[in-house]
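Asker: Top line first, the protein sequences correspond to chains A and B. Per our numbering, residue 129 is the first one in the first sequence, and the count goes up by one each step. Per our numbering, residue 8 is the first one in the second sequence, and the count goes up by one each step.
Worth double-checking, as some hints may not be accurate.
One side only, chain A facing chain B, incomplete, derived with CB under 8 Å [stated by the list, open to error]:
no., residue
1, Glu-202
2, Pro-208
3, Phe-281
Quick list of the computed label-pair ranges, beta carbon to beta carbon [as the list claims (entries may be wrong)]:
no., chain 1, residue 1, chain 2, residue 2, range
4, A, Glu-179, B, Thr-242, 58 to 66 Å
5, B, Met-360, A, Met-280, 51 to 59 Å
6, B, Ser-125, A, Lys-258, 54 to 62 Å
7, A, Asn-263, B, Gln-270, 41 to 49 Å
8, B, Arg-377, A, Gly-162, 45 to 53 Å
9, B, Ser-76, A, Pro-166, 34 to 42 Å
10, A, Phe-158, B, Gly-343, 24 to 32 Å
Which stretches of chain A does chain B cover? Using the computed rule of at least three CB atoms under 8 Å from a CB of chain B, they are [stated by the list, open to error]:
no., region
11, 141-150
12, 213-225
13, 263-271
These are calculated hints, taken from the structure and not from any lab test. Note that the structure is predicted; figures quoted are calculated from it, not measured. No residue lacks a Cβ here, since even glycine has one placed at the ideal position from N, Cα and C.
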Amino acid sequence: MVGAVAVTKQLVIHPERCTACRMCELACSFEHEGVFNPNRSRIKVEIFAEEAFYLPMACYHCDDYPCGQVCPTEAIIKDPNNRWITVVDNKCIGCKMCMQACPFGVMGFSAEVGVAQNCDLCGGNPQCVKFCSPNALEFLDVEETRHHKRSMFAAKVREAMKGEAAVL
Amino acid sequence: MTSPIPQQAHYVIIGNSAAGLNAVDATRARDLSSSLLLIADEDTHAYSRVATPYYISREIDDSTLFYKSPEYYQQRRVTTLFGHRVVALDADNHQVKLAEGTRISYGKLLLATGSTPSRPPIQGLEKVKVFPHWTLAQAKDILERTCLSESAAVLGGGFISLLTLNAMKSLKPSIQFTVIERLPQVMPNLLDEQAARMLEQRMTTQGIQVKTGVEAIELAELPDGKTKVTLSDGTEQRVDMVVLGTGVRPNVDFLAGSGLQIQRGILVNERMETNLPDVYAAGDCAESFDLLSGERVVHAIWPTAVEQGRVAGANMAGGASAYPGSLSMNVLDIFGLTSASIGIFQDQAGLEMLRFFDFKRGIYRKLALREGKRIVGLIAVGSPEEVHYMGTIQSVIRRQIDVSPWKDKLLQNPNLYGRIVLEASKGKSSSPLPTV
Numbered sequence: 129m130v131g132a133v134a135v136t137k138q139l140v141i142h143p144e145r146c147t148a149c150r151m152c153e154l155a156c157s158f159e160h161e162g163v164f165n166p167n168r169s170r171i172k173v174e175i176f177a178e179e180a181f182y183l184p185m186a187c188y189h190c191d192d193y194p195c196g197q198v199c200p201t202e203a204i205i206k207d208p209n210n211r212w213i214t215v216v217d218n219k220c221i222g223c224k225m226c227m228q229a230c231p232f233g234v235m236g237f238s239a240e241v242g243v244a245q246n247c248d249l250c251g252g253n254p255q256c257v258k259f260c261s262p263n264a265l266e267f268l269d270v271e272e273t274r275h276h277k278r279s280m281f282a283a284k285v286r287e288a289m290k291g292e293a294a295v296l
Numbered sequence: 008m009t010s011p012i013p014q015q016a017h018y019v020i021i022g023n024s025a026a027g028l029n030a031v032d033a034t035r036a037r038d039l040s041s042s043l044l045l046i047a048d049e050d051t052h053a054y055s056r057v058a059t060p061y062y063i064s065r066e067i068d069d070s071t072l073f074y075k076s077p078e079y080y081q082q083r084r085v086t087t088l089f090g091h092r093v094v095a096l097d098a099d100n101h102q103v104k105l106a107e108g109t110r111i112s113y114g115k116l117l118l119a120t121g122s123t124p125s126r127p128p129i130q131g132l133e134k135v136k137v138f139p140h141w142t143l144a145q146a147k148d149i150l151e152r153t154c155l156s157e158s159a160a161v162l163g164g165g166f167i168s169l170l171t172l173n174a175m176k177s178l179k180p181s182i183q184f185t186v187i188e189r190l191p192q193v194m195p196n197l198l199d200e201q202a203a204r205m206l207e208q209r210m211t212t213q214g215i216q217v218k219t220g221v222e223a224i225e226l227a228e229l230p231d232g233k234t235k236v237t238l239s240d241g242t243e244q245r246v247d248m249v250v251l252g253t254g255v256r257p258n259v260d261f262l263a264g265s266g267l268q269i270q271r272g273i274l275v276n277e278r279m280e281t282n283l284p285d286v287y288a289a290g291d292c293a294e295s296f297d298l299l300s301g302e303r304v305v306h307a308i309w310p311t312a313v314e315q316g317r318v319a320g321a322n323m324a325g326g327a328s329a330y331p332g333s334l335s336m337n338v339l340d341i342f343g344l345t346s347a348s349i350g351i352f353q354d355q356a357g358l359e360m361l362r363f364f365d366f367k368r369g370i371y372r373k374l375a376l377r378e379g380k381r382i383v384g385l386i387a388v389g390s391p392e393e394v395h396y397m398g399t400i401q402s403v404i405r406r407q408i409d410v411s412p413w414k415d416k417l418l419q420n421p422n423l424y425g426r427i428v429l430e431a432s433k434g435k436s437s438s439p440l441p442t443v
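Based on the provided sequences and hints, a complete structural model is requested.
Answerer: Now the structure itself:
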C-alpha cells in the first residue's frame, strides 16, 4: 500500500476553536493544486459572521457513503484498509449526482478538470491540520476521538449534576 | 459461447442497470447461497446509461462505460442471461417466459426493466431513420452518424435530448442544431420558465436554434439522403440526422395480461412489492409514490433506481426495508451552465415561491415553500457551486423542517441548510441521512 498510514485516523473538527483564519483552505489548495486559492480548497470554512461561529467542513468519509452509492460509473471508491473516500478522476464523468447526494454538501467539483473532488486527507497526512494554529482541526486516532467525545459528554453530565449528590 | 438456460432460480432479476444491480448487491448482502439469475435483453455486461453521452463525445473509454466487470457477477454468484428477452410473466406458476419459448421458474422475481424511448405520433416516423438515445447501441449509432452530419434536428428539449446534443456538439462543433420542443420551454421537468430562458439563451449564443411551442408533425426522407422535418408552425428543416428525444416510458408492455397492476408503470408499495405475490419492481419501470405529495409517480432517474433497487433486493431476501418515496432531482451541466432542481418547483397555488437573482454572477435560485415554512423544492442555476448544497437541502426537504426562522436569509446564503439540519437534529438521535 502506497502512502500507508494508521488505518483508523480521522479528521476531527472543533468549531469552537476555529478563528476563520482559513489557513486550512490555503494549505489544501496549495497541496492539491499548487496555488494559494481558497476557491480551490477541498476544505471550506463556513462563516456565520454575526454570531462569530465558524465551521470548517470537509468530507466525512462516511461509512455508508451516499456519493459512492449513487455514482453511475463507480468512480467514488473507499479503500477498505485506510477508510477514506476518493474520486477516481479518469472514471468520473462530472455528472454531479454525488454532489447532489452528499448530505453535508462537502463533495466539490473541479471546474479545471471537470471531475468531482473531495478531501482525500492528503493521502494520510492532511496539510490543513498542520497549518491550523488554533488546533480546530486534528487528525486523531479513532480511539482518541472516542475518548474525546466521552470526556466531553462526561463534562456535560458533571455540569448538569453539579450540586446534586451522586446517586450511583 | 452459449451457456445452458437454467430452468429455475430462487431469485430472478430482469434488468442489468441501476435498479437491477443494486438489488443484486442488496440481496447478496443477506443471502449469498440461493441461486440468482439476472436476465437482460442487451447482450453485454452492465454499462452505465448515464455515461453514454460521454461515450458519444469520446470523453470516456470503455473501462469507464462498462462500470461493472464480468467478475462482478461471478463474485456475487450471479448467473447471467444476457441477450435474452423476457416476453411474458406467468405469475400463477411463478414463471417467466423468454422470447425463444423457454420458461424459467422463480422464487422471487424483480422487474427492473427500465424505460424505452417513447415514439410520438409523428407522420412518417416509422419510415425514416431517426436516432433515439437510450442504449449503448443507439449511442454508437449516434456517434457514427454525427461524424457524417452537418445538421441535426433534435426532437424534444428534455434532459436526454440536450445531453445528447451537447455530446454531439463536443464531438463535432460544426453541426448546425435545431431543438424542437412542444412545450413553451426546454427542460420542462427540470427547470422553470426563468431558468429555461437562461439555458435557451446560452444555447442560442452558441449557435443552436431553439424552437419552443412547436412540434414536428411529419418526417420524410429526401432523395439526397437528408430528412425533411415539417413543423407545426408550417416551417421545414432539412437535416442530416434527426435525434428522437421526446421522453421515455416504462418498459412494461410485455406484462400485459399478467395480472400485474400497471398504470404508467408497475404499481409498487413501499416495500417495492407489486400486487402479485413474490413479484417486485424497481427503477424506471416502477410506479412508486412521491415523497412530498404522496401521489403515484414514475421518476425515471438514476438515484431513484438505485434506492428502489436496494429496497427491493433487501426485501426479496427477507429484509424489512421501506422506501420513503422518491424525490425528483436532476442536475445538468451543459453549455457552460449548471442547473439543478429538486422536488416541486413549478409555480402553483398553495406554494410560496422565493426568488433570488445575482446577475453579476449569473445565479438564479428559487425556493418553493409549503405553508410558508417547509421547503418542498428548489431550482438553482449558475456554476457547479450551486450543486453543493443540494444534498443538505435534501435533508431539510425529506424531514420537512420548519425553516421560518431563516426564511429571509436562505436564498442568499445556502450554507444555512447545513445549520438548519444541525439545529433540527439537536436532542434527536435519529440520523439526518435517509436510511435505505
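Asker: Each hint should be assessed against the structure and marked as holding or not.
Answerer: Verification of the supplied hints:
With its C-beta approaching chain B no nearer than about 5 Å, Glu-202 (chain A) sits inside the 8 Å limit, and its interface hint holds. Interface restraint check for Pro-208 (chain A): the shortest CB-CB distance to chain B comes to about 15 Å, outside 8 Å, so the restraint is violated. Against a cut-off of 8 Å between C-beta atoms, the interface hint on Phe-281 (chain A) is violated, since the closest Cβ of chain B lies about 13 Å away. The hint said 58 to 66 Å for the Cβ distance between Glu-179 (chain A) and Thr-242 (chain B), and at roughly 59 Å that hint holds.
As the Cβ distance of Met-360 (chain B) to Met-280 (chain A) is approximately 42 Å, the hint placing it in 51 to 59 Å is violated. Checking the proposed 54 to 62 Å range against Ser-125 (chain B) and Lys-258 (chain A) shows it holds: the Cβ atoms sit about 56 Å from each other. In this structure the hint that Asn-263 (chain A) and Gln-270 (chain B) lie 41 to 49 Å apart at CB is violated, the actual value being about 59 Å. Hint check: Arg-377 (chain B) to Gly-162 (chain A), Cβ distance near 47 Å, so the stated range 45 to 53 Å holds.
Between Ser-76 (chain B) and Pro-166 (chain A) the beta carbons are some 39 Å apart, a value that agrees with the proposed interval 34 to 42 Å. Take Phe-158 (chain A) and Gly-343 (chain B): their Cβ atoms lie about 28 Å apart, and the range 24 to 32 Å holds. Coverage of the region 141-150 of chain A by chain B is violated [criterion: at least 3 residues with CB-CB distance below 8 Å; count 0]. With 7 residues having a beta carbon nearer than 8 Å to a beta carbon of chain B, the region 213-225 of chain A meets the requirement of three or more and the stated coverage holds.
Counting residues of the region 263-271 of chain A whose beta carbon lies closer than 8 Å to any beta carbon of chain B gives 0, which falls short of the minimum of three for the stated coverage.
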